[in-house]
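Guided by the hints, dock chains B, C, D, E, F, G and H with the ligands onto chain A, whose structure is given.
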Amino acid sequence: MWSLSNITGSIDQWLNENFSSAWALAIEMVLVGIAMITLFAVLGLILVLMERKVSAYMQIRLGPNRVGPKGMFQTVADTLKLLLKEGLTPNGADKLMFNAAPFVAMVAAMLLMAPIAFAKGVQIWDVNIGVLYVTAISSLSVIGILMAGWSSNNKYSLLGAMRSGAQIVSYELSAGLALLPIVVLTGDLSVSEIIASQSNGWWIFKGHIPVVISFVIFIIAVTAETNRAPFDLAEAESELTAGFHTEYSGMKFALFFLAEYVNVFIVCAIAATLFLGGWMPLHIGNWEGFNHIMDFIPSSIWFMAKTFFLIFLIMWFRWTFPRLRVDQLLNLEWKYLLPISMVNLLVVTAMAILKWHF
Amino acid sequence: MVEEIGTTETGDLIINVGPQHPATHGVLHLIITMNGETIKKVEPHLGYIHRSIEKMCESLTYRQFIYVTSRMDYLSSHINNHGCALLVEKAMQIEVPARAQYIRVLMDELTRVASHVLWWGALAMDVGALTPFFHAFREREMINDIMEETCGARLTMNYMVPGGVMFDIHPNFQQRVKQFITDFRSKIDEYDELVTYNTIFKARTVGVGVLSKEDAISFGCSGPVARASGVSCDIRKLYPYEVYSQVNFKEPILTEGDTYARYLVRMYEMKESISIIEQLIDNIPEGEFQAKTKAVLKPPKGEYYSRVETARGDFGVYVVSEGATTPYRIKFRSPGFSNLSTLDQISRGQKIGDLVAIMGSLDLVIPDIDR
Amino acid sequence: MFLKDYISEVYGAVKSLLTGMRRTGYYFTHHKEIITEQYPDNRATLVLPERFRGEVVMPHTESNEHRCTGCTACELACPNGTIKIITKFDINADGKKKKAIDTFIYHLELCTMCNLCIQACPTDAIKMAQSFEHSVFDRSKLTKVLNKPGSKLEEGVE
Amino acid sequence: MMEPGLYHILFLSTALFFTGVYGFFSRRNLITILMSIELMLNSVCLNFIAFNKYVWPGKLDGVFMTLFIIAIAAAEAALAIAIIINLYRSHQTIDVSSGEEMKY
Amino acid sequence: MSGSTIIFYLLALITLGSAMLAVSSRQIFRSAIFLLFSLIGIAGLYFWLQYEFIAAVQIVVYAGGITVLIIFSIFLTAKSGESLPKQKPARLIFSALSVFCGAALVMLQIAGHSFPVFSGDAILPTVGNIGKQMLSTEQGGYALPFEVISMLLLAAMIGCIVIAMRSKPLLK
Amino acid sequence: MTREELKTALLTKFPDLVEEEGGEWLNLFSTPDSWKQTVHFLRTDSTLLFDYLFCLTCVDWKTHLTMVYHFTSTTFRHILVMKVKLDRNAPVIETVCDIWKTAEFHEREVFELFGVHFNNHPDLRKLILPDDWVGFPLRKDYEDAVNMIKL
Amino acid sequence: MGPASMIVLIIAAIAFSVIAILASKILVKASHNKQKGEPYECGIPTQGRTWIQFNVGYYLFALIFLIFDVELIFLYPWAVSVKAVGWVAMVEIIIFFFILFIGLLYAHKKGALKWS
Amino acid sequence: MTAGQEKISFPGQVHEAPGGGILTTALDDVINWARSNSLWPLVFGTSCCAIEMMSTAAPKYDWSRFGFEVARATPRQADVIIIAGTIVNKMAPVLKRLYDQMPDPKYVVAMGACATSGGPFFYNTYSVVKGADHVIPVDVYIAGCPPRPEALLHALLTLQEKIRAGGKRERINIDGNKF
Ligand code: SF4
Ligand code: SF4
Ligand code: SF4
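Residue numbers (numbering that gives the first Met the number 0), protein chains in the order written: chain A, 0 to 357; chain B, 0 to 370; chain C, 0 to 157; chain D, 0 to 103; chain E, 0 to 171; chain F, 0 to 150; chain G, 0 to 115; chain H, 0 to 178.
Treat each hint with caution, since some may be false.
[What the hints assert, rightly or not] Taking lysine-lysine and the BS3-like style, the derived pairs with C-alpha atoms no more than 30 Å apart in a straight line are: (1) C:K83 <-> C:K147; (2) C:K151 <-> C:K97; (3) A:K94 <-> G:K24; (4) B:K212 <-> B:K39; (5) B:K40 <-> F:K12; (6) G:K108 <-> B:K201; (7) B:K212 <-> B:K201; (8) B:K236 <-> B:K89; (9) A:K334 <-> B:K201; (10) B:K212 <-> B:K40; (11) F:K82 <-> B:K89; (12) E:K131 <-> A:K354; (13) F:K84 <-> F:K12; (14) G:K109 <-> C:K3; (15) F:K12 <-> F:K35; (16) B:K177 <-> B:K249; (17) B:K297 <-> C:K126; (18) B:K300 <-> F:K82; (19) F:K35 <-> H:K129; (20) C:K97 <-> C:K87; (21) F:K82 <-> B:K297; (22) B:K236 <-> B:K177; (23) C:K143 <-> C:K83; (24) C:K83 <-> H:K129; (25) B:K201 <-> B:K40; (26) A:K334 <-> G:K24; (27) C:K3 <-> B:K201; (28) B:K293 <-> C:K126; (29) C:K14 <-> B:K201; (30) C:K83 <-> F:K149; (31) F:K84 <-> B:K300; (32) C:K87 <-> C:K147; (33) C:K83 <-> B:K291; (34) C:K147 <-> C:K126; (35) F:K149 <-> C:K126.
[Claimed, not checked] Not close to chain G: a few residues of chain E, all C-beta gaps over 12 Å, as computed: (36) K87; (37) A89; (38) S97; (39) F99; (40) A102.
It is worth saying that the hints were derived from the structure and are not from the lab. Note that this is a predicted model, so its numbers are computed, not measured. Ideal Cβ positions, reconstructed from N, Cα and C, are used throughout, including at glycine.
With the rest of the complex left out, here is chain A:
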């Protein structure tokens, strides 16, 4: 059966046969680096195109369909264009910070790639604190935004940065609290363990209502954490013309854009891993035949399918809802999400101790 894991495995094997282990490791690192960069670029292209197509269909339009077959290359053209666009730095800006900010955003986004299991056994680093790791690193992205907003020396940027600062830190809480139930149920933080624990059924099915609630809360929280509508106050078009990246142009802007979309991908991947069983195929009770068919679909496909479904969900939000006001945003977090998820956590704990989940 074709699968991503086999490929990587064979590469690893081949390397270890033909080179000394150190060299093999080095080459692997290089390969991983290149792979990640390509993944970044490709993800950026695909997600932006997807976003534009989805929005178009929801708005009874056609969306890009001229550049390349069915408009496939629209985003390619855009990326090239941005590459060919002058990236200017405002005079008043704090040059160092202004230019460093996109890097911070990128690095944060890239580091989040480490613990994600793209397929059976395809994982860069199965860090033993997997979930916590993600929470930690994703809290770094706010720094990039704050740097950008402050250093642009532009009032819109400053306001946008302030807003997203408060927003991201607030929603970290409920994001963290919402994934704790899974940790409680699994008794382990590492991604591989969590996936393994779902071999006989995804948590969202096994965990009854409480897990569903925490799933919803998690989705809401990550939508806010990635500054997506309806929580896109950081770049609220109609209020602060473009928010914290008002002054960014050309490639630097593109990097922010890319980081944003990759973040979306990652949080969706995490959600898929925690609640939808990562690359685990869908198994239903004891329909042997059905489960076998499911097993034939490569695990990477499963993972991608789940992730992209969640991404689509988030896009769906964006193209349906109005934007919240900044104080309402914080109220939502502190009055609703946080208490609910706390109570929810207790319920799940009781459930876990009583072994009520199957």
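For chains B, C, D, E, F, G and H with the ligands alone, kept in the frame of chain A given last:
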């Protein structure tokens, strides 16, 4: 006391919004003094689209100046033209044929619906929902097509002429309008699903930018803005022109005076306009569509004033005639101008996000304000 | 009771949001609702209403005759001086001097398609065309001379 | 250069600590002083972890110490900033030299 | 010298360097950012020591929380644009000297002191172990401190609110 | 009130008002001096209650300027047109924006387009024209060789 | 592959960005004019300075957030071992939450969690 | 003939493709392809024409088919200004400033009679700029008041042609029916 949180003596930020800004629907320029996110003062600066139309009209004949007015409030261009045509007719004592009157009113109401539909989309976009904007244009395009078929232009159709309308209606007109009505009825419910009942939208609009009845009167507000504050000011009811006295329609009056009330009033007006159209579309009388008029119009010396109800409110044309072929002095009383002047009052103490919603609900058309 | 309100509030909110999502989801799945007309491709089939006002033209018969007598009524009617008519006197058959147009200058970049000139013209010499693709790199290209070179006044038009 | 071990880390943390001290002395702005304090706390945490790893891997006390230090540091930072802002509101400045005359 | 050595020195460099920048930069916003980098460097060291949990905690609390808070308070209390006033060189030199002496002293101490070498089986600082010990109520367990911490946090929160929301500023 | 009643009511109260014949509604000329208490009476008197100022403008008769105010009442729905003749060289009149808030913007507009000066106006600045603008464009004798292309 | 991967990823990210930005620097010929560098504010010259002392209405949220953040980090080890430890852990966490909940309610009562 | 001469004889302003020598290389073609296919307009509508611009963005004439829909509110990220509406003397400096603040390459489309020549407000007005090209260099003009959405699309396609041509007039090939 919550105001004290983080309030410092010098925490004010002065920020320009507009002239080029997605929220200002054109080229309004607001200088906003903010404390954190809270607005302390809004100072409108106009004139970025001041096209000196009043001066220009002093050198245009009574036939010519009508077309310029469709560039003022371009969203209700028909109604503007209508007002001017009414004025010329009043001055020249021209009797407008019944058919022309029916056609005019139909066109007015279609324009009103088109304008409100666009406003609906724009408001939704201001509060951050992008899809309704595009859905709104679907209906607007239907109306545009009807207009284009009859008037020959999509936006600035110079259709009203002194003494009637420029052409007779297109043969398909009635049938297409009926088609449109049936479609639109179903679409309005979608609007409600998408925006009206949406909690986020309600949270953004209810209780935001409250305009008291006294202020509404004192600020000379008109149209939906005044009606949302409980002022009855529909020219079509108070001083009926053309056939408005014969159709029956309600004037929606709410008393909350907040953004959501303004929203509801307009939604209601759309339904009313549709019913007006329904009442008229089937019994357009036969006959002339244009009264016989002299080639050169010379209204007798005197002053004339005509008012019509545009999509934004009370649009008045004040003309001083010296008996020449061109007006001696012409003044357009534009509803937006008065409605805008309330902005500072009603947006103090709100968040900057609210300002956007408030401006959207005032439904400003800047060229109409600057003239 | 507090908790009850709290829950019902949350419930109502979620419900209203779901209604909205159902609507957009409907459009996402029903592509037949899409109303886009693909302009450059449908150029061949694109029919504009015959009343659409794209630009002012002066129809000429195949024998290169137009109906414009040079009465300048349109020039007077035009609110913004779009039309400039240069008249000349030519000798017609029975030796009488007669006013006729020399050049009929039409500034497309100024024209506002208000149709007043058409209405004013006593002889229907000019009419509105449906063409709308007037994009140029050089705005001087938009100033046109409507009467074809060497064209004459049609017989029997006064 | 030998394999880094306990001593390296201790040296590093010492350096860090005294960098903090330097900031503490040389700065007059309350916020920067707060930052210096954070630096010192961190160096201490680093020490705890180092000892725990190299000297007493049999226990986790170092880890817990660090955890609690971090927790207390956070609480302390929050309170400090609340106070700083309040000071600013009353005095329009957060400069220590000018803040000296205020007696609590 | 192996990769891990390089990484260690790299991290040490980042940590110390940005720490020094943080205490010396006169752009207060910049020094906040540098502080952040130095904290992240320390987190990196924890990773290097394979105390991942502590590292993550470090990032969450410091990078995610304290730095953001500090930046907010900078916006609230300082004209973040202009740089801080220059200090008297005398004070700088004095503090530099004292710091140098202190550092030298301590380092000598450390260099001189020899630490006992541990013998026996190590407990891995995995989250599981930490958790177990944290929750265990018997000897050596940290259940009580764990609860005490929550009290501390409560106190801190109430304190914050009381101070920050005091409607009229203290001593006017 | 009908036009006649209005006329009698006002002329008895303010004898110095002069009626102008013709026009759709009652036209009354006032004088800059008695202007303020006249309008105050219009707004406050319980039988008039002209609380809605729906048009405020100015006309330049080459000899003098005339301010034109259109009042109506949201309770009685009667309409009144007040006019004030102003000296063209030094046009000055009391502001009414303390009575009708809408007047604030309208008066600013008239101020910059006609050069009428309104006493006690909160901030009488240019509203529409650029701040460095000279001249009063809507006056009849306004000439602008640069921008205005006469047809 | 272990922690080294973090280094790899960081390097990858930075390399990616640097390459992209350098490429655009090389490829683009930029024009210059004196308004270009000024801050954008809807096409109007900006008034007053941006880096003024600026009041963040919601810093109080950040304060409270910090407290809860700390609480969160203590929850992780708890969550991992709660199943193993059992009811004791349950009890402890209930106390823990209870105390924090008091804080949250207090904040709510004092109006720290709402604006105007 | 050299590119220089060509540019002089070429109306409006076209950004020479970087490295573009006398001959247009394959690289230039790629560059121009990218640039012409991702024109992000600046949100800039002053009056009536803006409504028609919105209609062009709207479902019926959906300009996102060509990738124009990414309308940016800040000039830093925009490629083309569509001057939709009248430019008055007070607005002119703003327009200039916005144009100046756009990073290169940047293009301008003058939409409608007003932006092209002052249109209805050419005579007897004291405050209207008689054509936006008095303020900033314009690449493509559209007549009409307002131009219908197809006309705007046509203008944008014309602009694309122009960019693809990379400033080489003889490579431009525009007629309404061929695309
Ligand atoms: S259509 Fe109107 S503007 Fe155009 S030429 Fe005729 S009269 Fe003049
Ligand atoms: S076109 Fe008609 S109106 Fe104009 S000059 Fe010719 S004949 Fe006269
Ligand atoms: S060209 Fe016509 S439609 Fe366009 S802005 Fe000018 S007047 Fe309005």
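A quick look at each hint next to the structure:
no.	hint	result
1	C:K83 <-> C:K147	holds, 15 Å
2	C:K151 <-> C:K97	holds, 12 Å
3	A:K94 <-> G:K24	holds, 16 Å
4	B:K212 <-> B:K39	holds, 22 Å
5	B:K40 <-> F:K12	violated, 41 Å
6	G:K108 <-> B:K201	holds, 25 Å
7	B:K212 <-> B:K201	holds, 22 Å
8	B:K236 <-> B:K89	holds, 19 Å
9	A:K334 <-> B:K201	holds, 18 Å
10	B:K212 <-> B:K40	holds, 21 Å
11	F:K82 <-> B:K89	holds, 22 Å
12	E:K131 <-> A:K354	holds, 19 Å
13	F:K84 <-> F:K12	holds, 20 Å
14	G:K109 <-> C:K3	holds, 23 Å
15	F:K12 <-> F:K35	holds, 14 Å
16	B:K177 <-> B:K249	holds, 21 Å
17	B:K297 <-> C:K126	holds, 28 Å
18	B:K300 <-> F:K82	holds, 17 Å
19	F:K35 <-> H:K129	violated, 44 Å
20	C:K97 <-> C:K87	holds, 8 Å
21	F:K82 <-> B:K297	holds, 25 Å
22	B:K236 <-> B:K177	holds, 25 Å
23	C:K143 <-> C:K83	holds, 10 Å
24	C:K83 <-> H:K129	holds, 18 Å
25	B:K201 <-> B:K40	holds, 25 Å
26	A:K334 <-> G:K24	violated, 48 Å
27	C:K3 <-> B:K201	holds, 21 Å
28	B:K293 <-> C:K126	holds, 22 Å
29	C:K14 <-> B:K201	holds, 14 Å
30	C:K83 <-> F:K149	holds, 15 Å
31	F:K84 <-> B:K300	holds, 19 Å
32	C:K87 <-> C:K147	holds, 15 Å
33	C:K83 <-> B:K291	holds, 28 Å
34	C:K147 <-> C:K126	holds, 15 Å
35	F:K149 <-> C:K126	holds, 27 Å
36	K87	holds, 25 Å
37	A89	holds, 29 Å
38	S97	holds, 32 Å
39	F99	holds, 33 Å
40	A102	holds, 29 Å
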